[in-house]
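In case you want the letters, here they are:
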Amino acid sequence: MTANRREFLKRMAAAWTGASFAALAGCGDDQQPVSQAILDDPGVTWSKAPCRFCGTGCGVMVGVRDGKVVAVAGDQQNPVNLGLLCVKGYHLPGILYGEDRLAMPVIRENGDERESPMEEALDYVADRFKQIVDEHGKESIAVYGSGQWTIQDGYAASKWMRAGVGNNNVEANARLCMASAVTGFLTTFGKDEPMGCYDDFEQGDVFVFWGNNMAEMHPVLFSRILARKKSVPAVQLVDIGTRRTRTTEASDHYLEFEPNSDLAIANAIAREIIEQGWVNEDFVSKHCLFKKASEDIGYGLRDEGAKQNPMANEQIGFEEYRRFVSKYTPEYASEISGVPASQIRDLAKLYGDPRQKVVSLWCMGMNQHTRGTWINNLVYNLHLLTGKISQPGNGPFSLTGQPSACGTVREVGTLTQALPAGRRVDNPEHRAYAAKIWDVPVESLAPKPSMHTMAMFRNLATGKLKGVLIQVTNPMVTLPDLNWFKEGIAKHKPFIVVSDVYPTPTTEVADVVLPAAMWVEREGCFGNSERRTQQWNQLVDPPGEALPDSTITVEIARRMGHGKLFPWEGEEALARGLYEEYREFTIGVGKDVALYDDLKRARGLRWPVVDGVETRWRYAEGSDPYVPAGAEFAFYGNHSLGDRAVIWQRPYQEPPESPDDEYPFWLATGRVLEHWHTGSMTRRVPQLHQAQPKAYVEINQEDARTMGLSDGASVKLVSRRGELTLDARVGGRGEPPTGRVFVPFFDESLLANVLTLDAHCPISKQPDYKKCAVRLEKV
Amino acid sequence: MPISGVLLQCDPERIAAAVQGVVARTRCEIRERRENALVVVTDTATLDADRAEVEALSTIEGVLAAHVVFSNIEDLT
Numbered sequence: 001m002t003a004n005r006r007e008f009l010k011r012m013a014a015a016w017t018g019a020s021f022a023a024l025a026g027c028g029d030d031q032q033p034v035s036q037a038i039l040d041d042p043g044v045t046w047s048k049a050p051c052r053f054c055g056t057g058c059g060v061m062v063g064v065r066d067g068k069v070v071a072v073a074g075d076q077q078n079p080v081n082l083g084l085l086c087v088k089g090y091h092l093p094g095i096l097y098g099e100d101r102l103a104m105p106v107i108r109e110n111g112d113e114r115e116s117p118m119e120e121a122l123d124y125v126a127d128r129f130k131q132i133v134d135e136h137g138k139e140s141i142a143v144y145g146s147g148q149w150t151i152q153d154g155y156a157a158s159k160w161m162r163a164g165v166g167n168n169n170v171e172a173n174a175r176l177c178m179a180s181a182v183t184g185f186l187t188t189f190g191k192d193e194p195m196g197c198y199d200d201f202e203q204g205d206v207f208v209f210w211g212n213n214m215a216e217m218h219p220v221l222f223s224r225i226l227a228r229k230k231s232v233p234a235v236q237l238v239d240i241g242t243r244r245t246r247t248t249e250a251s252d253h254y255l256e257f258e259p260n261s262d263l264a265i266a267n268a269i270a271r272e273i274i275e276q277g278w279v280n281e282d283f284v285s286k287h288c289l290f291k292k293a294s295e296d297i298g299y300g301l302r303d304e305g306a307k308q309n310p311m312a313n314e315q316i317g318f319e320e321y322r323r324f325v326s327k328y329t330p331e332y333a334s335e336i337s338g339v340p341a342s343q344i345r346d347l348a349k350l351y352g353d354p355r356q357k358v359v360s361l362w363c364m365g366m367n368q369h370t371r372g373t374w375i376n377n378l379v380y381n382l383h384l385l386t387g388k389i390s391q392p393g394n395g396p397f398s399l400t401g402q403p404s405a406c407g408t409v410r411e412v413g414t415l416t417q418a419l420p421a422g423r424r425v426d427n428p429e430h431r432a433y434a435a436k437i438w439d440v441p442v443e444s445l446a447p448k449p450s451m452h453t454m455a456m457f458r459n460l461a462t463g464k465l466k467g468v469l470i471q472v473t474n475p476m477v478t479l480p481d482l483n484w485f486k487e488g489i490a491k492h493k494p495f496i497v498v499s500d501v502y503p504t505p506t507t508e509v510a511d512v513v514l515p516a517a518m519w520v521e522r523e524g525c526f527g528n529s530e531r532r533t534q535q536w537n538q539l540v541d542p543p544g545e546a547l548p549d550s551t552i553t554v555e556i557a558r559r560m561g562h563g564k565l566f567p568w569e570g571e572e573a574l575a576r577g578l579y580e581e582y583r584e585f586t587i588g589v590g591k592d593v594a595l596y597d598d599l600k601r602a603r604g605l606r607w608p609v610v611d612g613v614e615t616r617w618r619y620a621e622g623s624d625p626y627v628p629a630g631a632e633f634a635f636y637g638n639h640s641l642g643d644r645a646v647i648w649q650r651p652y653q654e655p656p657e658s659p660d661d662e663y664p665f666w667l668a669t670g671r672v673l674e675h676w677h678t679g680s681m682t683r684r685v686p687q688l689h690q691a692q693p694k695a696y697v698e699i700n701q702e703d704a705r706t707m708g709l710s711d712g713a714s715v716k717l718v719s720r721r722g723e724l725t726l727d728a729r730v731g732g733r734g735e736p737p738t739g740r741v742f743v744p745f746f747d748e749s750l751l752a753n754v755l756t757l758d759a760h761c762p763i764s765k766q767p768d769y770k771k772c773a774v775r776l777e778k779v
Numbered sequence: 001m002p003i004s005g006v007l008l009q010c011d012p013e014r015i016a017a018a019v020q021g022v023v024a025r026t027r028c029e030i031r032e033r034r035e036n037a038l039v040v041v042t043d044t045a046t047l048d049a050d051r052a053e054v055e056a057l058s059t060i061e062g063v064l065a066a067h068v069v070f071s072n073i074e075d076l077t
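Respectively, the protein sequence lines represent chains A and B.
Position 741, counted from 1, in the first sequence is what the numbering used here calls 741; the numbers after and before it change by one each time, with no gaps.
Position 31, counted from 1, in the second sequence is what the numbering used here calls 31; the numbers after and before it change by one each time, with no gaps.
Honestly, the hints are just simulated from the structure, not real lab data.
Among these hints, one or two may not hold up.
[To be verified] Computed cross-link-like contacts, SDA-like style, restricted to lysine to any residue with a CA-CA straight-line distance of at most 20 angstroms:
id, chain 1, residue 1, chain 2, residue 2
1, A, 10, B, 49
2, A, 10, B, 32
3, A, 10, B, 25
4, A, 230, B, 11
5, A, 10, B, 33
6, A, 10, B, 26
These numbers come from a predicted model, not from an experiment.
Sequences and hints are given; from them, build the entire structure.
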């Protein structure tokens with residue numbers, strides 16, 4: 001590189017970074033000239049794309065030179081990140097070019113392994129799936145995908161299974177990360193996904209993080225909140241967690257609670273809101289109703305007996321609800337949670353004060369919970385009781401961890417019970433609608449949900465399910481009580497096809513591995529946490545014979561005789577055709593996604609998009625076109641309930657496993673800043689790998705002292721299901737209190753999930769990765 | 001040879017310490033100073049060194065957060 005070019009790039013780096021600061025500080029009028037200067041760089045071609053990693057959906061400018069991605073810059077025109085990127089976004093080029101990137105299919109048969117041309121591998125896969133269906137019936141094969149599927153990938157897989165094969169055996173790893181948010185939204189509002197948007201971060205007065213380490217997991221959004229606090233110092237940040245994190249450091253208040261006791265804390269806040277007269281009676285009387293439901297619902301364990309139907313419920317009145325929460329005094333909740341009653345009262349006051357606009361934020365801490373649906377409901381209760389919802393700076397906000405958990409899994413509908421745009425397979429009208437768009441006989445669509453993710457893998461491990469196509473996910477790292485599943489799969493040997501970008505523990509158990517194109521190696525769309533659908537074009541070629549996941553699915557489907565479902569030829573036509581057909585489902589049901597051509601031009605648009613205009617606050621008159629004039633608010637997902645949201649009576653209950661004399665520590669698992677999920681991409685980036693090369697166990701300093709452990713010492717964790725030896729991390733970035741430990745799950749060579757418990761929320765079927773009992777042994 | 005633009009969000013009361021910390025690093029230049037932020041450009045020989053600079057910047061006293069906003073590695077791919 002010449003000195004002149006270096007200086008040019010340095011000037012551009014400085015100008016671009018300065019403009020991002022201006023945008024963050026709200027004075028970004030001078031962005032355009034900087035953007036133009038860098039786009040005019042003759043050495044590099046720049047195009048927009050959303051980031052490949054988390055659910056934030058940051059906009060990235062991608063620089064291509066000689067057919068390779070050579071530069072990235074935060075997209076200042078994208079309102080999500082205003083030009084900022086986190087450490088993962090900045091290493092995006094690195095994830096494309098890892099040394100062991102999969103480029104050719106591999107077939108393993110009769111103990112042999114051979115590389116194969118893609119055409120031959122697809123023929124082989126289709127033949128095997130056909131043979132399985134012929135022998136065992138149409139329920140014998142399945143697809144398991146991901147919140148990293150593009151919208152097109154998910155739609156193709158769902159259509160193939162439901163309209164082609166004729167079953168509902170479609171699931172996605174988002175079942176493991178946000179299914180409780182889905183069922184929380186559905187049970188309270190009748191429709192999925194947040195009512196608010198990221199604009200709330202510039203409008204709120206109080207931000208409450210419920211078990212959410214936003215500083216590390218959604219760092220760009222957290223920076224927007226820090227910027228808000230900088231401009232309005234009275235803004236307050238409240239961290240409610242089970243261990244101290246970087247979010248705690250930045251917060252004004254920290255409430256450290258006993259695992260699972262968030263249920264009691266939320267009920268105590270609701271009680272205070274009622275007892276102190278802070279209920280917004282006008283809002284509640286016009287827009288809410290109250291319900292209670294069955295409570296003996298179990299924990300979804302494999303050997304659990306029959307329990308009550310978790311969905312059985314009845315309407316109650318406010319007085320019954322008030323009597324129910326009255327026992328949750330701050331003192332009672334304090335006994336359960338360990339949080340001082342004064343802190344619970346103070347937080348209730350913030351929720352109750354009509355002058356304070358409050359945003360509640362959460363992610364895995366509330367969702368990966370054996371009462372995940374309930375705790376989502378209970379936080380909604382606080383916003384509904386106070387009327388702090390669907391307004392700028394006021395609302396509950398469920399964040400997602402994957403780039404299209406919302407856009408693909410939740411909106412397209414790649415969970416067993418779902419049809420596109422919030423429809424359900426067990427609703428005859430919805431099936432008829434789908435059959436019409438798909439041009440298939442309605443009788444060919446299976447009328448009942450089949451297997452949620454945990455059931456799907458239990459069936460694979462017990463030989464009931466014979467074949468599966470797994471795309472862009474890594475269940476042999478992420479399933480809880482992992483050894484049980486691995487042993488079952490090794491014993492029963494189902495036919496497993498995996499398409500992915502790098503070798504993983506899941507490709508290791510595959511009979512066929514298909515190389516996939518990723519991110520800007522193909523065209524696609526993602527949908528982020530704030531209902532924003534973003535589109536990008538193919539910018540570089542994928543390696544070897546790699547193909548987009550949607551193309552792989554369509555090619556298998558065609559070979560199995562389902563080609564009529566996919567009439568589009570060529571990658572570009574397929575991407576557009578799948579999206580536009582999916583879009584038909586969304587029109588008129590409050591989930592209207594934008595036209596494909598509009599998405600090509602925009603930095604994403606938030607649905608419902610009606611007459612080309614996006615929606616920032618759902619359910620609010622003047623913002624949401626679905627709310628009738630004069631209604632003020634309408635929770636139209638609950639139309640049969642008079643467009644009212646439900647305030648749920650949900651009790652505190654103990655978790656299925658707690659520490660005892662034999663296993664005296666709580667274990668929570670989770671993520672770290674540098675690695676994304678199972679690390680299959682980020683561990684290929686040397687700089688990220690070096691920053692966090694292996695999993696570890698965070699231990700409180702006092703516990704470490706008692707056990708004679710120093711930072712870096714080896715310690716064995718033992719649960720009722722497995723054991724794992726890790727390096728101790730004492731006094732590091734995060735610190736649990738005494739009696740609790742934390743292990744990140746990104747490391748495929750040190751699998752945290754050999755320890756975790758296969759228990760889940762009986763409503764959402766989402767496992768609880770945050771709570772099980774272990775003991776520590778010094779090695 | 002990577003060139004990166006890094007935005008440092010700083011505590012306004014400790015920004016002088018942050019400036020001192022950045023100036024002490026030979027592969028970094030401060031290109032712009034605001035009340036609560038510094039615009040820094042790094043110019044390093046390898047991706048490892050680039051990453052190390054960013055890590056080091058994020059731990060300097062007075063720095064609340066470090067964001068890499070621009071990164072060019074065209075010599076390395």
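Checked hints:
Straight-line distance between C-alpha atoms of residue 10/A and residue 49/B comes to about 17 angstroms, which keeps the hinted pair within the 20 angstroms bound. A threshold of 20 angstroms between alpha carbons decides the hint, and for residue 10/A with residue 32/B the separation of about 13 angstroms falls inside it, so the pair holds. Distance hint between residue 10/A and residue 25/B is fulfilled; the C-alpha atoms sit about 16 angstroms from each other, no more than 20 angstroms. Proximity of residue 230/A to residue 11/B is assessed by CA-CA distance (about 9 angstroms); at most 20 angstroms being required, the pair is judged to hold.
This hinted pair checks out: residue 10/A and residue 33/B have alpha carbons roughly 16 angstroms apart, not beyond 20 angstroms. A hinted pair counts as satisfied when its Cα atoms are at most 20 angstroms apart, and residue 10/A with residue 26/B qualifies at roughly 15 angstroms.
The structure shown violates none of the earlier numbered hints.
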